[in-house]
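Participant: Read off the chains here:
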Amino acid sequence: MQPPAEHVHWLFATGFLVLGLCLLAEVVVGTDVWRLRAWRAYLWPGMAFALGVLMWPVMVFYTNSTIHMLAHGAWAEVMTFAGAVELARVRGKLRSSAWSLAMAAAFLVSGLAFLVHEQNAWFFMRSAFLHHLLGWTLLVASVFPLARSVRPRSSFAAAGFALTFVVIAVMLYCDRDVAPVFGHISPLAGEQHR
Amino acid sequence: MNAEFVSELEAPARSTVRARVVSALGPVTALAGVVWAIVQPYRITLLHPDGESFWWLLVQPPLLVIAVGLFFYFAVLPGLLADLEEGRATSR
Numbered sequence: 001m002q003p004p005a006e007h008v009h010w011l012f013a014t015g016f017l018v019l020g021l022c023l024l025a026e027v028v029v030g031t032d033v034w035r036l037r038a039w040r041a042y043l044w045p046g047m048a049f050a051l052g053v054l055m056w057p058v059m060v061f062y063t064n065s066t067i068h069m070l071a072h073g074a075w076a077e078v079m080t081f082a083g084a085v086e087l088a089r090v091r092g093k094l095r096s097s098a099w100s101l102a103m104a105a106a107f108l109v110s111g112l113a114f115l116v117h118e119q120n121a122w123f124f125m126r127s128a129f130l131h132h133l134l135g136w137t138l139l140v141a142s143v144f145p146l147a148r149s150v151r152p153r154s155s156f157a158a159a160g161f162a163l164t165f166v167v168i169a170v171m172l173y174c175d176r177d178v179a180p181v182f183g184h185i186s187p188l189a190g191e192q193h194r
Numbered sequence: 195m196n197a198e199f200v201s202e203l204e205a206p207a208r209s210t211v212r213a214r215v216v217s218a219l220g221p222v223t224a225l226a227g228v229v230w231a232i233v234q235p236y237r238i239t240l241l242h243p244d245g246e247s248f249w250w251l252l253v254q255p256p257l258l259v260i261a262v263g264l265f266f267y268f269a270v271l272p273g274l275l276a277d278l279e280e281g282r283a284t285s286r
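From first to last, the protein sequence lines are chains R and Z. Quick note on this note's numbering: the first sequence kicks off at 1 and runs consecutively. Quick note on this note's numbering: the second sequence kicks off at 195 and runs consecutively.
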């Protein structure tokens with residue numbers, strides 16, 4: 001009953017897409033309107049926290065090397081922490097906008113983990129390409145949560161933050177086990193699936 | 195009688211730009227999933243099942259994208275539009 005690795009990517013993509021849509025909606029209607037209902041206020045921080053918690057079983061059950069375990073473990077830690085911080089901010093336990101730095105740190109650590117644990121070159125196969133792309137995307141996109149910590153009311157930073165999750169979701173949905181990328185696949189990658 | 199007040203009462207509830215944009219999020223997402231399914235029909239194994247397991251039948255990206263769009267449209271949007279309209283009415 002354990003899902004294949006690519007399905008785990010797709011399920012996480014679904015979580016990130018929900019996150020992205022909720023954040024985009026919050027940007028459009030404004031935080032005051034978005035938080036008029038308690039369940040809605042907790043929806044995206046709760047989802048971020050849940051995704052962090054779910055990374056722990058990923059670390060345990062999908063570890064095929066030490067570097068994978070370290071990368072998945074680092075993601076689990078920073079995602080859980082950043083989700084918890086956002087939950088505490090909605091609850092009112094944490095008030096300083098500097099706590100947005102927790103999400104910036106999550107982006108940075110996740111980006112580095114993606115880049116460090118991908119041992120193959122960009123065009124080795126699709127998953128290698130996407131790991132590199134995801135890593136650099138997260139590193140660059142960490143400016144958005146960073147900007148939110150400095151200018152919490154910036155619509156540009158909030159929209160960039162929201163769209164980052166949508167872009168990450170698209171990349172994760174594109175992930176497949178052994179597949180070519182732009183016609184490239186290394187003979188060392190193994191037999192192509194479909 | 196204040197004519198302006200009457201015209202406001204009779205005017206149909208006009209969607210604001212914000213309401214239109216936020217209303218489009220779910221349908222656009224679901225539409226993206228449908229287009230994806232049409233472009234890559236082999237991902238929808240439900241259409242031609244051949245002994246696939248649960249994961250390969252039901253957990254496919256186009257289906258998940260459509261599900262997210264529908265979730266947002268039916269679960270999140272109605273309350274959000276009501277609150278947006280309420281906020282607009284309060285600010286009048």
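Hints listed in this document are in silico derivations from the structure and should not be mistaken for laboratory results. Being a predicted model, the structure only gives us computed values, none of them experimental. Glycine included, C-beta positions come from ideal geometry on N, C-alpha and C. Hints should not be assumed to be uniformly reliable.
To be verified - Derived CB-CB ranges, DEER-like: (1) Z/236 - R/93: 42 to 50 Å; (2) Z/245 - R/143: 43 to 51 Å; (3) Z/236 - R/92: 30 to 38 Å; (4) Z/215 - R/50: 37 to 45 Å; (5) Z/238 - R/152: 37 to 45 Å; (6) R/182 - Z/246: 23 to 31 Å.
Participant: Is 42 to 50 Å a correct range for the gap between the Cβ atoms of residue 236 of chain Z and residue 93 of chain R?
Facilitator: holds, 49 Å
Participant: CB of residue 245 of chain Z to CB of residue 143 of chain R, is that within 43 to 51 Å?
Facilitator: Given a distance of about 48 Å, which is inside 43 to 51 Å, the answer is holds.
Participant: Range hint 37 to 45 Å: satisfied by the CB atoms of residue 215 of chain Z and residue 50 of chain R?
Facilitator: violated, 27 Å
Participant: Starting from the range 37 to 45 Å, see whether the pair residue 238 of chain Z and residue 152 of chain R falls in it by beta-carbon distance.
Facilitator: Cβ of residue 238 of chain Z to Cβ of residue 152 of chain R: about 43 Å, so the range 37 to 45 Å holds.
Participant: Does the Cβ distance between residue 182 of chain R and residue 246 of chain Z fall inside 23 to 31 Å?
Facilitator: holds, 28 Å
Participant: Evaluate the given range 30 to 38 Å for the C-beta pair formed by residue 236 of chain Z and residue 92 of chain R.
Facilitator: violated, 49 Å
In summary, the numbered hints that this structure violates are 3, 4.
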